[in-house]
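Peer 1: Start from chain A and add chain B with the ligand according to the hints.
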Amino acid sequence: MTAISGEQKKSSRLKEKTLDGYNFAYLDDQTKRMIRRATLKAVAIPGYQVPFGSREMPLPFGWGTGGIQVTASIIGIDDTLKVIDQGADDTTNAVNIRRFFAKTAGVETTENTSDASIIQTRHRIPEAKLKSDQIIVYQVPIPEPLRWIEPREEETRKMHALTEYGVMHVGLYENIAHFGKVTTSYNYPVQVNDHYVMSPSPIPKFDNPKMDEMPALQLFGAGREKRIYAVPPYTKVKSLDFEDHPFEIESWSECCALCGSSSSFLDEVITDDKGSRMFVCSDSNFCANRRAKGHKGPGLPRKFEIKDIE
Amino acid sequence: MALLQEPTDNIPVETGFDDPVYESQIVFRKILKVMSEPGTIKKIKNKLSAPAPMMKATAAVCLTLMDFQTKVWLDLPRDSEVSKYLKFHTGLRIVEHSSEADFVVFFSAPDELPPLNLGTDENPETAATVIIQTQSLDDTKKLKLTGPGIKKSRFLNAENIPTSLWDHRGKANSLFPKGIDIILTSSEKLSALPRTTKIKMIKTEKG
Ligand SMILES: [Zn+2]
Chain A
1 MTAISGEQKK
11 SSRLKEKTLD
21 GYNFAYLDDQ
31 TKRMIRRATL
41 KAVAIPGYQV
51 PFGSREMPLP
61 FGWGTGGIQV
71 TASIIGIDDT
81 LKVIDQGADD
91 TTNAVNIRRF
101 FAKTAGVETT
111 ENTSDASIIQ
121 TRHRIPEAKL
131 KSDQIIVYQV
141 PIPEPLRWIE
151 PREEETRKMH
161 ALTEYGVMHV
171 GLYENIAHFG
181 KVTTSYNYPV
191 QVNDHYVMSP
201 SPIPKFDNPK
211 MDEMPALQLF
221 GAGREKRIYA
231 VPPYTKVKSL
241 DFEDHPFEIE
251 SWSECCALCG
261 SSSSFLDEVI
271 TDDKGSRMFV
281 CSDSNFCANR
291 RAKGHKGPGL
301 PRKFEIKDIE
Chain B
1 MALLQEPTDN
11 IPVETGFDDP
21 VYESQIVFRK
31 ILKVMSEPGT
41 IKKIKNKLSA
51 PAPMMKATAA
61 VCLTLMDFQT
71 KVWLDLPRDS
81 EVSKYLKFHT
91 GLRIVEHSSE
101 ADFVVFFSAP
111 DELPPLNLGT
121 DENPETAATV
131 IIQTQSLDDT
141 KKLKLTGPGI
151 KKSRFLNAEN
161 IPTSLWDHRG
171 KANSLFPKGI
181 DIILTSSEKL
191 SALPRTTKIK
201 MIKTEKG
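Residue numbers (my numbering), protein chains in the order written: chain A, 1 to 310; chain B, 1 to 207.
Calculated directly from the structure, the hints in this document are not laboratory data. Do not take every clue at face value.
Computed footprint of chain A on chain B, listed as stretches where at least three residues anywhere in the stretch have a Cβ under 8 Å from a Cβ of chain A [what the hints assert, rightly or not]:
1. 12–22
2. 122–129
3. 148–154
4. 188–196
Here are the simulated DSSO-like pairs of lysine-lysine, each with C-alpha atoms no more than 30 Å apart in a straight line [claimed, not checked]:
5. A:103 with B:47
6. B:178 with A:158
7. B:152 with A:238
8. B:152 with A:129
9. B:171 with B:42
10. A:236 with B:43
11. A:210 with B:178
12. A:274 with A:238
13. A:238 with B:171
14. A:236 with B:45
15. B:151 with A:205
16. B:45 with A:210
17. B:203 with B:141
18. B:42 with B:142
19. A:181 with A:158
20. A:236 with B:142
21. A:236 with A:205
22. A:103 with B:45
23. A:236 with B:141
A virtual CB, placed ideally from N, CA and C, is assigned to each residue, including glycine.
The shape of chain A in the complex, shown without the other chains (with noise of 0.2 Å):
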């Protein structure tokens, strides 16, 4: 008689589940080596943008190539993904890629924060704080935090190597100096671990204290640019700020109108054509979350149904 281990039952599985004539995963396994490697090289250069040799995906750049081919090279058929976009799980880009993985991984997905051991995601950190042995990873449009002021590549490569961000303060200052106040609210520049100065994708500014000693890894892709950057759990994540102006993030007098949270980022939601607006969770697992245990916020503008905007 012969046994069936656990992981032939797997293995099995999986040949099952994910769609015949795709490799698991999409990418082939010499193209997921490649990107393996460089992906621990980044963990070991915190904050470094290692070169990675990109692949043709089928979506078009913009929809998060980068993002795709790290959780395509990582994920194996025990994870469960989620995958968001402006905070939503629902959006056309965040299902298309929760699709592509269910189809050609078989894995499992979700839109629970805390359900998930892999979270991608374009322009958030989930509110939820992420957990040990979870993997956040950015789909990142422009890796090089330098490159407005300094376009060579041999130039940044320097500037980095050196530590030498003179310039990169110089241009936030400028900005204080023209508009009294950092304007930069998203793609905000970091610093991790005191050496390399990394763009965190743009996030809010709001999101960038979640990067700090975060317990989840961080992993980043730049598809256009074939670049793979990490931090790792527990690291040093400090937003470049000046004496005389530190760093701040965003906040609200007003609270979510669905779940009254005062704490998250909130979106700006027009709800009529006569101009009413209310606030509401960017993140929309997390308002859900609070309204499932009974959190109420201070309501919708009349005539206004949550559907809507559901």
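Peer 2: Coordinates of chain B with the ligand only, in the frame set by chain A:
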């Protein structure tokens, strides 16, 4: 079966992964875990039969990360069973000099590291990854680790690694961002010490 016990030059009797796609993903996630949380120990559960002196975890790491694109240096003769096994299962390129290698594998820990590629300030990712087999790996308080991936500190004990090797590693890593990343293996166990991990030797009464 008798024929199989006398392998030709190219076909080793020892087996690789049954299901490479599935198994290498599992092993990779363990390597990723120990590299991102230095000093944690993971166990390889795959069925593998590596030729002596290669341990199971060493074989799993090599099969997962190496292929025809990787240059590898082994502290074993080029015609060793291990070389043949790795060439057959991964297609890797064995190189003459340790300084040319992407991966350097020690089947027994050396007193000092040979010349290694530490990468450059502009491209530190080209530095070698060093895999070292040890007699045992556990969390006995011999090495105190701090750095990224470690909440406060973590203890690790890698038996039979000479103090001189840690000193040598420390010197190489003082050139950060250049440096070397180490993967430690012991039978089915796996741990890692990336270049950012600071190691403090804990003095015992015996000295
Ligand atoms: Zn809410």
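Peer 1: Can you confirm whether the C-alpha distance between residue 181 (chain A) and residue 158 (chain A) stays at or below 30 Å?
Peer 2: It holds: about 29 Å lies between the C-alpha atoms, which stays within 30 Å.
Peer 1: Does residue 141 (chain B) sit within 30 Å of residue 203 (chain B), going by the straight-line distance between their CA atoms?
Peer 2: Satisfied, since the Cα-Cα distance of roughly 9 Å is no more than 30 Å.
Peer 1: Given the proposed pairing of residue 152 (chain B) with residue 129 (chain A), does the C-alpha separation stay at or below 30 Å?
Peer 2: Distance of about 19 Å is within 30 Å: holds.
Peer 1: Can you confirm whether the C-alpha distance between residue 45 (chain B) and residue 210 (chain A) stays at or below 30 Å?
Peer 2: 35 Å, violated
Peer 1: If you draw a straight line from the CA of residue 152 (chain B) to the CA of residue 238 (chain A), is it 30 Å or shorter?
Peer 2: With a Cα-Cα distance of about 18 Å, the restraint between residue 152 (chain B) and residue 238 (chain A) holds, given a limit of 30 Å.
Peer 1: Tell me if the straight-line CA distance from residue 103 (chain A) to residue 45 (chain B) falls inside 30 Å.
Peer 2: Holds, at about 27 Å.
Peer 1: Has the given pair, residue 103 (chain A) with residue 47 (chain B), been kept, meaning a C-alpha gap of at most 30 Å?
Peer 2: 28 Å, holds
Peer 1: Regarding the pair residue 210 (chain A) and residue 178 (chain B), is the alpha-carbon distance no greater than 30 Å?
Peer 2: 28 Å, holds
Peer 1: Regarding the pair residue 238 (chain A) and residue 171 (chain B), is the alpha-carbon distance no greater than 30 Å?
Peer 2: 27 Å, holds
Peer 1: If you draw a straight line from the CA of residue 274 (chain A) to the CA of residue 238 (chain A), is it 30 Å or shorter?
Peer 2: Distance ~42 Å between residue 274 (chain A) and residue 238 (chain A) Cα, so the pair is violated.
Peer 1: For the pair supplied as a hint, residue 151 (chain B) and residue 205 (chain A), is the alpha-carbon distance within the 30 Å limit?
Peer 2: The hint holds at about 24 Å.
Peer 1: For the pair supplied as a hint, residue 236 (chain A) and residue 142 (chain B), confirm whether the alpha-carbon distance does not exceed 30 Å.
Peer 2: The given pair, whose Cα atoms are some 26 Å apart, holds under the 30 Å limit.
In terms of the numbered hints stated before, the structure departs from hints 12, 14 and 16, listed from lowest to highest.
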